[in-house]
Amino acid sequence: MEKQSIEELTLWWGEGASSVEHMALLKELVPPTTVQTLNIFGYKGVIFPYWVMQISKYLPNLVSLRLWNLLCSSLPTLVQLPNLHKIFLGYMYSLEEFTTGCSMSGDGANELTLPKLEHLEMYRCPKLRINPYPPRAVHWFISSSDNALSSWEECASTSSTPASSSSPPVHKLKVEKSELPLHQWRLLHHLPGLSDVTISDCDDLTISPLFGQAFKSLESLSLECIELKILPEWLGELTSIRQLNLICMNNLQGLEKNMKQLTQLQSLSLKHCNALTALPQWLGGLTLLKALEIRFCKSIISLPESLLINLQELHILDCPHLYGWCKSEVNQMKLAHIKEKIINSTF
Numbered sequence: 022m023e024k025q026s027i028e029e030l031t032l033w034w035g036e037g038a039s040s041v042e043h044m045a046l047l048k049e050l051v052p053p054t055t056v057q058t059l060n061i062f063g064y065k066g067v068i069f070p071y072w073v074m075q076i077s078k079y080l081p082n083l084v085s086l087r088l089w090n091l092l093c094s095s096l097p098t099l100v101q102l103p104n105l106h107k108i109f110l111g112y113m114y115s116l117e118e119f120t121t122g123c124s125m126s127g128d129g130a131n132e133l134t135l136p137k138l139e140h141l142e143m144y145r146c147p148k149l150r151i152n153p154y155p156p157r158a159v160h161w162f163i164s165s166s167d168n169a170l171s172s173w174e175e176c177a178s179t180s181s182t183p184a185s186s187s188s189p190p191v192h193k194l195k196v197e198k199s200e201l202p203l204h205q206w207r208l209l210h211h212l213p214g215l216s217d218v219t220i221s222d223c224d225d226l227t228i229s230p231l232f233g234q235a236f237k238s239l240e241s242l243s244l245e246c247i248e249l250k251i252l253p254e255w256l257g258e259l260t261s262i263r264q265l266n267l268i269c270m271n272n273l274q275g276l277e278k279n280m281k282q283l284t285q286l287q288s289l290s291l292k293h294c295n296a297l298t299a300l301p302q303w304l305g306g307l308t309l310l311k312a313l314e315i316r317f318c319k320s321i322i323s324l325p326e327s328l329l330i331n332l333q334e335l336h337i338l339d340c341p342h343l344y345g346w347c348k349s350e351v352n353q354m355k356l357a358h359i360k361e362k363i364i365n366s367t368f
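At position 251 of the sequence shown (counting the first as 1) the number is 272 in this note's numbering, and the numbers step up by one without a gap.
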């Protein structure tokens, strides 16, 4: 293969070599400008060579960058990579700073750089701080990287964060394995327009009064919190929400009455909620609720008749008691109007 035709390059360092040897080797591995995907794994040098530090000059067509298990404390400047769609950072325990910066448009206004960034993912980067603004990635994923959540001003003003008309708004955020209480996730105040949020393995979901503003446009929420026994009170304030997923909540014993306020809710999914024995009758008051999915909830015995009236989709998998309830002749008549039914059990 001709070097000049390479579009994807993966550099993977094993164990045994010194950091000096790593640095010397990476210095010589200058890729062609045709590279669109660059993956660097296991590099033990504490600094990058010149071609990485000037990556926009050497790889102007870069679309995807993955840096994994590196020792460096800072990243190369990425702000002049107009085609960059994806950034993956993982297992970089010494990484302290990711500079986004801003650029000047033709009319003299500040614009966010990385205008085409779609995915920004951070795994186990506990010291990482992003300066001075969060990039407008459409999808964020943050795992065990609490500093990226908390190291922001308490509130953001629209004048302090530059925006580009060509940059799509942040749409989806997933946070997992955070040890911070939710009210310290100051990043939320800097991501306007969030519509889809997933919170996984985060046990402290207490909030501050300003929190509601961060989620005012939320349409979909997924909670995957094993230790959670009671749904958070603020759930009832998410009046724009259309889809709610409760997953792996084995200590959850009931749905809170504040969910009555979720009048726009159209889809409810319950998975691995083994302490849940029944669904409340008041769910029938959510007249827009058309889709119900229940999987691996072994203790739910039946469904409230009020809930069934407006349902158009019903998916039930591996819920032994509920499966038996659905298969009885009397209850099959109650479910007859539902257009799409999938009711299975492997037990």
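One or more hints might be untrue.
Label-pair restraints from in silico Cβ distances [stated by the list, open to error]:
1. Gln302 <-> Ile251: 31 to 41 Å
2. Gly37 <-> Asn82: 31 to 41 Å
3. Val351 <-> Lys319: 36 to 46 Å
4. Thr120 <-> Pro341: 24 to 34 Å
5. Lys319 <-> Met74: 17 to 27 Å
6. Trp303 <-> Ile247: 23 to 33 Å
Quick list of in silico lysine-lysine cross-link-like pairs, DSBU-like style, CA-CA up to 35 Å [stated by the list, open to error]:
7. Lys278 <-> Lys348
8. Lys355 <-> Lys292
9. Lys362 <-> Lys311
10. Lys78 <-> Lys107
11. Lys78 <-> Lys195
No lab work stands behind these hints: they were computed from the structure. Remember, predicted model here, so these are calculated numbers, not experimental data. Ideal Cβ placement from N, Cα and C applies to all residues, glycine included.
Okay, the hints, checked on the actual structure:
Taking the beta carbon of each, Gln302 and Ile251 are about 20 Å apart, not inside 31 to 41 Å as hinted. In this structure, Gly37 and Asn82 meet the distance hint of 31 to 41 Å, their C-beta atoms being roughly 33 Å apart. At about 22 Å, the beta-carbon gap between Val351 and Lys319 misses the expected band of 36 to 46 Å. Evaluation of the 24 to 34 Å hint for Thr120 and Pro341 yields a failure: the beta carbon distance comes to about 54 Å.
Lys319 and Met74 have their C-beta atoms about 55 Å apart, which leaves the hinted 17 to 27 Å range violated. At about 26 Å, the CB distance of Trp303 to Ile247 agrees with the hint of 23 to 33 Å. A threshold of 35 Å between alpha carbons decides the hint, and for Lys278 with Lys348 the separation of about 29 Å falls inside it, so the pair holds. Of the pairs offered as hints, the one joining Lys355 and Lys292 holds, with about 23 Å between alpha carbons and a cut-off of 35 Å not exceeded.
Between Lys362 and Lys311 the alpha-carbon distance is near 12 Å, which keeps this suggested pair within the 35 Å criterion. Our distance criterion of 35 Å between C-alpha atoms is met by Lys78 and Lys107, whose separation comes to about 18 Å. Our distance criterion of 35 Å between C-alpha atoms is met by Lys78 and Lys195, whose separation comes to about 32 Å.
The structure fails hints 1, 3, 4 and 5 (numbered hints given earlier, in ascending order).
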